[in-house]
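Novice: Now for the letters of each chain:
Number of protein chains: 2
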Amino acid sequence: MEVKGETYAANISSIREAHKRIIPYIHKTPVLSSESLNAISGRNLFFKCECFQKGGAFKFRGASNAVLSLDDDQAAKGVVTHSSGNHAAALSLAAKLRGIPAYIVIPKNAPKCKVENVMRYGGQVIWSEATIQSRESVASKVLQETGAVLLHPYNDGRIISGQGTISLELLEQVPQLDTIIVPISGGGLISGVALAAKSVNPAIRILAAEPVGANDAAQSKAAGRIITLPETNTVADGLRAFLGSLTWPVVRDLVDDIITVEDKEIMEAMRLCYEILKVAVEPSGAIGLAAVLSGGFRKNIAWQDCKNVGIVLSGGNVDLGVLWDSFRK
Amino acid sequence: MEVKGETYAANISSIREAHKRIIPYIHKTPVLSSESLNAISGRNLFFKCECFQKGGAFKFRGASNAVLSLDDDQAAKGVVTHSSGNHAAALSLAAKLRGIPAYIVIPKNAPKCKVENVMRYGGQVIWSEATIQSRESVASKVLQETGAVLLHPYNDGRIISGQGTISLELLEQVPQLDTIIVPISGGGLISGVALAAKSVNPAIRILAAEPVGANDAAQSKAAGRIITLPETNTVADGLRAFLGSLTWPVVRDLVDDIITVEDKEIMEAMRLCYEILKVAVEPSGAIGLAAVLSGGFRKNIAWQDCKNVGIVLSGGNVDLGVLWDSFRK
Chain A
28 MEVKGETYAA NISSIREAHK RIIPYIHKTP VLSSESLNAI SGRNLFFKCE
78 CFQKGGAFKF RGASNAVLSL DDDQAAKGVV THSSGNHAAA LSLAAKLRGI
128 PAYIVIPKNA PKCKVENVMR YGGQVIWSEA TIQSRESVAS KVLQETGAVL
178 LHPYNDGRII SGQGTISLEL LEQVPQLDTI IVPISGGGLI SGVALAAKSV
228 NPAIRILAAE PVGANDAAQS KAAGRIITLP ETNTVADGLR AFLGSLTWPV
278 VRDLVDDIIT VEDKEIMEAM RLCYEILKVA VEPSGAIGLA AVLSGGFRKN
328 IAWQDCKNVG IVLSGGNVDL GVLWDSFRK
Chain B
28 MEVKGETYAA NISSIREAHK RIIPYIHKTP VLSSESLNAI SGRNLFFKCE
78 CFQKGGAFKF RGASNAVLSL DDDQAAKGVV THSSGNHAAA LSLAAKLRGI
128 PAYIVIPKNA PKCKVENVMR YGGQVIWSEA TIQSRESVAS KVLQETGAVL
178 LHPYNDGRII SGQGTISLEL LEQVPQLDTI IVPISGGGLI SGVALAAKSV
228 NPAIRILAAE PVGANDAAQS KAAGRIITLP ETNTVADGLR AFLGSLTWPV
278 VRDLVDDIIT VEDKEIMEAM RLCYEILKVA VEPSGAIGLA AVLSGGFRKN
328 IAWQDCKNVG IVLSGGNVDL GVLWDSFRK
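In the order they appear, the protein sequences are chains A and B.
Note that the numbering used here has the first sequence beginning at 28, numbered continuously upward.
Note that the numbering used here has the second sequence beginning at 28, numbered continuously upward.
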């Protein structure tokens, strides 16, 4: 797709190709709706349940597209990542499908359930210290020793194309959507979703949902350039990354607005997902619902005609013990 | 359907009619699968997610069929029940759709979330003491005062026919099923599911899952007559009812076996539903997965060729606070 003469890292063709490539392996996730949540929000909400995706998050779409795009010689040496989140589990699973090794560099303080997911899917865990420096140096060592391919969790056209397949399914399942709300972190998910959705329906609005405590995307949009933060502070552990060189141009040009929400709004939305929708989401996964229920969105006259709103429930990987404690607060 | 010259309270025709009647109002619930759970169980499992049904449980199918079957004069006076569970919420919602009153007699000790569900759907709560005598006498009084129709939660052909619509959808969604596992309590759900499924595919096996602490159905099958228990003791609060005069003949003739499971197996299955399937089920809803993972099922040579197993996740209404405490144990 080109806007203002800009060529992005993915486009509708690469996204359609990705869909053809991965369709035998992914779940076509269902779209759920709830009249109770429609009444609470005053809109028609359509929840795209990527928490039911293989690996428990949308990440498998991008990871499987990237792994299946490698030529045989490249693939044989395996893949590496130093993400400790859902991308790591997804990459492990995608590599397992192709029968190649996945080397996953994980900091010692990573959540237990995410480490277990990597192991369940056959990823080889290589421990590092918690600092980004340690993670990168351990990953470099693995790359040198194995000749494997580093697959970045979001700053990669193949990953962005894979995530964009969500829009192809969602707009087929609910053609009347006028808005899609998507969690934003590094921007891989929303870039893919925006590129595909605006190509299918140029009038559709794409809104990002971001935690106040990790609002680098909102600051970046306001400044007109990538802003990173010295630190982040949010319950949504999947939303702490910063925009990359390939995702920023898409976010800059195609994301209509960024709605920031407080952690307590995320937890309340998560509770509604469990109690009303009966879907087990992680905090990052619930942020789209938090956004549509937030005062900032409700009171903004620009979004009053958002009637049929798609919400991407991006993932469901959470330590139940940690979750119980959060709800108790 | 007739077996051994027996005519049951519902049959494939009444179930197809029910489906036509309720299809504009119900959710066609999705079927989820998980390779991780397939690996754990050694079977291909297909989860029919009735926890995503309106009202959070399959009960809306039967309740809406019953309410929509009433003639206008009957309907105008409203409906009554003294179930405090998912049937009460479902009946409230069905009555609201038809614009008639629902009088719900609820004992003072009922779980908070179930009372809230009734209120959310517009049911009129009428409190009774916790005893069955008090519930019945309060309900009789309401019937006399209003002329409303009492709708039993399971011992009613219209209710059984509504629940049977699950099989019509499930066998269309997953035609290769050779077995369906269904929670058993009063028997309305399993009667409908068995009547429809065995009519569509006479070779299909229907297995019931029942808590050890409320094993009246297993005892009834063994004795060849309805057995009730002086008391029940199980975490699965939705599975404490006893078979009725209309459900017993179906259970006796069409249910191939009853698998009993311990409460700790139910809680472990529930944890797997949350952690792997990402579906928020109530304990009663998770019992089918508990059954397929139980030693009794795995070791029974009769069920070794159950390869493609449908599991009805019957409901998802649970007090999160109570749930957290259960998981902590």
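You may find that some hints are simply not true.
Which copy is meant is left open, because identical chains are indistinguishable; a pair holds if it fits in one copy or across any two.
[Said to hold, decoys possible] Below 27 Å or equal to it, Euclidean Cα-Cα: the simulated DSSO-like pairs (lysine-lysine) are:
hint	residue 1	residue 2
1	K334	K123
2	K139	K291
3	K168	K326
4	K55	K135
5	K47	K334
6	K334	K135
7	K135	K104
8	K55	K334
9	K168	K135
10	K135	K123
To be clear, the hints were calculated from the coordinates, so they are not data collected in a lab.
All figures in this text were calculated on a predicted structure; none of them were measured in a lab.
Novice: Each hint should be assessed against the structure and marked as holding or not.
Specialist: Hint check:
For the identical chains of this complex, K334 and K123 are inter-copy neighbours only, at 24 Å across copies versus 41 Å inside a copy, given an alpha-carbon limit of 27 Å. Taking the shortest Cα distances, K139 and K291 sit within 27 Å of each other both inside one copy (23 Å) and across copies (23 Å). In this assembly of identical chains, the alpha carbons of K168 and K326 never lie at most 27 Å apart, being 51 Å within a copy and 48 Å across copies at closest. For the homomeric pair K55 and K135, neither the shortest alpha-carbon distance inside one copy (34 Å) nor that between copies (44 Å) is at most 27 Å.
For the homomeric pair K47 and K334, neither the shortest alpha-carbon distance inside one copy (31 Å) nor that between copies (29 Å) is at most 27 Å. Taking CA atoms no more than 27 Å apart as the test, K334 paired with K135 passes in neither setting, with 45 Å inside one copy and 40 Å between copies. In this assembly of identical chains, the alpha carbons of K135 and K104 lie at most 27 Å apart only when taken from the same copy (25 Å versus 65 Å across copies). Taking the closest pair of Cα atoms, K55 and K334 come within 27 Å of each other both inside a single copy (24 Å) and across two copies (23 Å).
In this assembly of identical chains, K168 and K135 lie within 27 Å of each other by CA distance solely inside one copy; the values are 17 Å within and 65 Å between copies. In this homomeric assembly, K135 and K123 come within 27 Å of each other (Cα to Cα) only inside a single copy, at 23 Å, whereas the closest approach across copies is 54 Å.
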